[in-house]
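Protein chains: 2
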Amino acid sequence: MAEPTQATLSEHNRSRILSHLYHHGVESRASIAKALELTPAAITKITAKLLEAGVIDETGDIGGSRNRRSIGLTLDKSRFHVVGVKFARSLVEIGVFDLAGKQLADREITAIDPEDIPSAIADVHRIVESLLAADDGIVAIGMAVPGPYLRNIGRTAVVSSMEEWRKVNFLDEFSDAFSVPVFVEHDARAGALAQHLFDPDCDTGSLAYYLIGEGVGLGVLENGRTINGSQGAATEIGHISIDANGERCECGNYGCLESMCSAVTIHRMLVEDGRIVPDAASMTHRDACNALFAAAASGNADARGLVEKIGTIVGYGAVTIFNAFNPERIVLGDIVAGAGQPLLDAVQRVVDERVIPELAEHTTISLSRLPADAAVTGAAAVAITQFLANPSMFFEIA
Amino acid sequence: MAEPTQATLSEHNRSRILSHLYHHGVESRASIAKALELTPAAITKITAKLLEAGVIDETGDIGGSRNRRSIGLTLDKSRFHVVGVKFARSLVEIGVFDLAGKQLADREITAIDPEDIPSAIADVHRIVESLLAADDGIVAIGMAVPGPYLRNIGRTAVVSSMEEWRKVNFLDEFSDAFSVPVFVEHDARAGALAQHLFDPDCDTGSLAYYLIGEGVGLGVLENGRTINGSQGAATEIGHISIDANGERCECGNYGCLESMCSAVTIHRMLVEDGRIVPDAASMTHRDACNALFAAAASGNADARGLVEKIGTIVGYGAVTIFNAFNPERIVLGDIVAGAGQPLLDAVQRVVDERVIPELAEHTTISLSRLPADAAVTGAAAVAITQFLANPSMFFEIA
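Residue numbers (my numbering), protein chains in the order written: chain W, 958 to 1355; chain X, 958 to 1355.
Possibly wrong hints are sitting among the right ones.
Given that identical chains are not distinguished, each listed pair holds provided it fits within a single copy or across any two copies.
Subject to a maximum C-alpha distance of 20 Å in a straight line, what follows is the list of computed DMTMM-like cross-link-like pairs (lysine to aspartate or glutamate) [stated by the list, open to error]:
(1) Lys1124 x Glu1315
(2) Lys1124 x Glu1207
(3) Lys1006 x Asp1080
(4) Lys1006 x Asp1302
(5) Lys1124 x Glu1318
(6) Lys1266 x Asp1200
(7) Lys1034 x Asp1014
I should point out that these hints are in silico values taken from the structure, not numbers from a laboratory.
Since we're looking at a predicted model, the values are computed, not measured.
Between the sequences and the hints, there should be enough to build the whole structure, so can you do that?
Structure, rendered in structure tokens:
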């Protein structure tokens, strides 16, 4: 029974080596040993098993220190593939990615009829099965679902616009459904993992991904791990009140951030306004928001004013993120982040005014640099994170 | 160089065994092995070293399973002592405690002249030295300081009423000042550790301690560890806005929770009111609050109304704690928690109205059961937590 702990240690070191190769490319055994403070003997032993299992490869000689040559080790990110499945309120997007987050085939998109969730679920089963049949490089499936999500039991918590989804238990439905493991995560937390894996500037263990889309969510890494809470429902920034005397939200709380700056709210504002985006009523939330941002960029003063107003509210949320989580980096992502620099400027202005200077100075706020249409990469990142953390789930390692 | 990792594993298992004995009293090697999933051989090896170092003791035979007798192991909580030093805005309290949190001598209290911080610091040095000289069972010193505290660099962040304290770097000032190690922690986080160690009902790794005193603070355990943030300034609930359009706080933010329900604010309300506690102006913050709570308990309708109003605001903060951290348990502590059941009822009412039912049902909200005058126990808990986590800092372990 000591084996679990010793085995845990071995797996931990395997994971550290794989993660190091993931983030640093080709490395010699000696440089890995130095970076991870492991003995050369331990590195030799662990990498031999990873080589034998086909997880990593040896490359030709690379330059070593003091003119010694040494053999490089590498994790071939293109060899292993994952499926990412992103559930949103109105559609499901499914894509195949390599470990670098590169999309390998056209995304599959299934519209969701809120009255017929079972048929959307059946579509997901069918599409994933066909992707698995077509690509034997797929090692895992990641799924991202909107919050509030009860991560530990696998269901969304009650929010009336997602009422029908409450009946779906994602873990029961998908955990053992396919020939490879499935991992389900809250969408904003999935986004935080994607930033951490795919943007080299976000290679920090203290990161907040602030998702401002149809919903408003947050994923926070503290010491490289997501903050989850006892039911997996922590970091629900969208339902934190920024005005306890404000209007009631469908979650039960009052003055929720989400109700003031989501893409849904912005779309409603545009329809009510009627002038900035005249045909907003016939557009999707995303298209209406993008039309607003385009109008602002082309100099429309009303559009600029509205972006400024939205940025101020997004800034209030950022101030709460500082005081609640004090991350080293905050990344704004999803539809509303598409407003770009004017939005970021408004957020930064609010932060500079309202956050204690020693905290504000320490934290970088930026826009996501991942492709805006690739929200599904977050789902892929969930699977890749597990691949790097628990290699023995995916390979026979002697 | 593999040694650090192997040594870390050994220390980790020593810490787990010590913590298990701390929370469970006398246990046989076999029951420890079972609880911690370690082999009997590993337990025998580790406990032998702990016995040799004098950290734990063998007791006589205890009942084993199936009528086998076995020898008990125990951590004598009365043998090892710690000093707790609690810095508040207007005074420093210093006490000696055993590992169970039992106070061993009268507390020493030093008033702070805000214009002469250096003399308060000198007092702390002098008092701690004399306590160390009088008790060679003291193994560590814990200090608790008000937030916002930049834990990693050792200073409070700027808040104007604490301006002079900014010049003090607690780590520089105290880390190497004494013959035993010193640990400094944010006061609400120290309070969370105290609840975790000293209240058996709080033996959960998912705990929020909601400190409502002269300041309003929060300490959160996630998976048994405090959430700290990149600068150690996370979980600053007192400066999270509950009304982004509210009045400006000295921290720079608007509508901060602390400015609406701290003991300082309540005291000011009582002075302005003039009727509920007629001589409030001549009282300390604590005495004025206690007079209010006594008036409410004796049936004064205005006093009851004010406690209800304060409880509602404390409840808004609790709703934010649910949405930000989703803890399994929330404990209300410090001066304002002295209002007792009427305050707790108001908080629960707000939570029941505003939190998603599946989250609200899962989390217990309670009043601290630790002695209200023993805020300094939090400082002691900081030291005891380190003693249990890093035994090799305190003993020669071969």
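Comparing the hints with the structure gives:
no.: 1; hint: Lys1124 x Glu1315; result: between (46 Å within a copy, 14 Å between copies)
no.: 2; hint: Lys1124 x Glu1207; result: within (18 Å within a copy, 47 Å between copies)
no.: 3; hint: Lys1006 x Asp1080; result: neither (39 Å within a copy, 60 Å between copies)
no.: 4; hint: Lys1006 x Asp1302; result: neither (50 Å within a copy, 59 Å between copies)
no.: 5; hint: Lys1124 x Glu1318; result: between (45 Å within a copy, 19 Å between copies)
no.: 6; hint: Lys1266 x Asp1200; result: both (16 Å within a copy, 17 Å between copies)
no.: 7; hint: Lys1034 x Asp1014; result: within (11 Å within a copy, 53 Å between copies)
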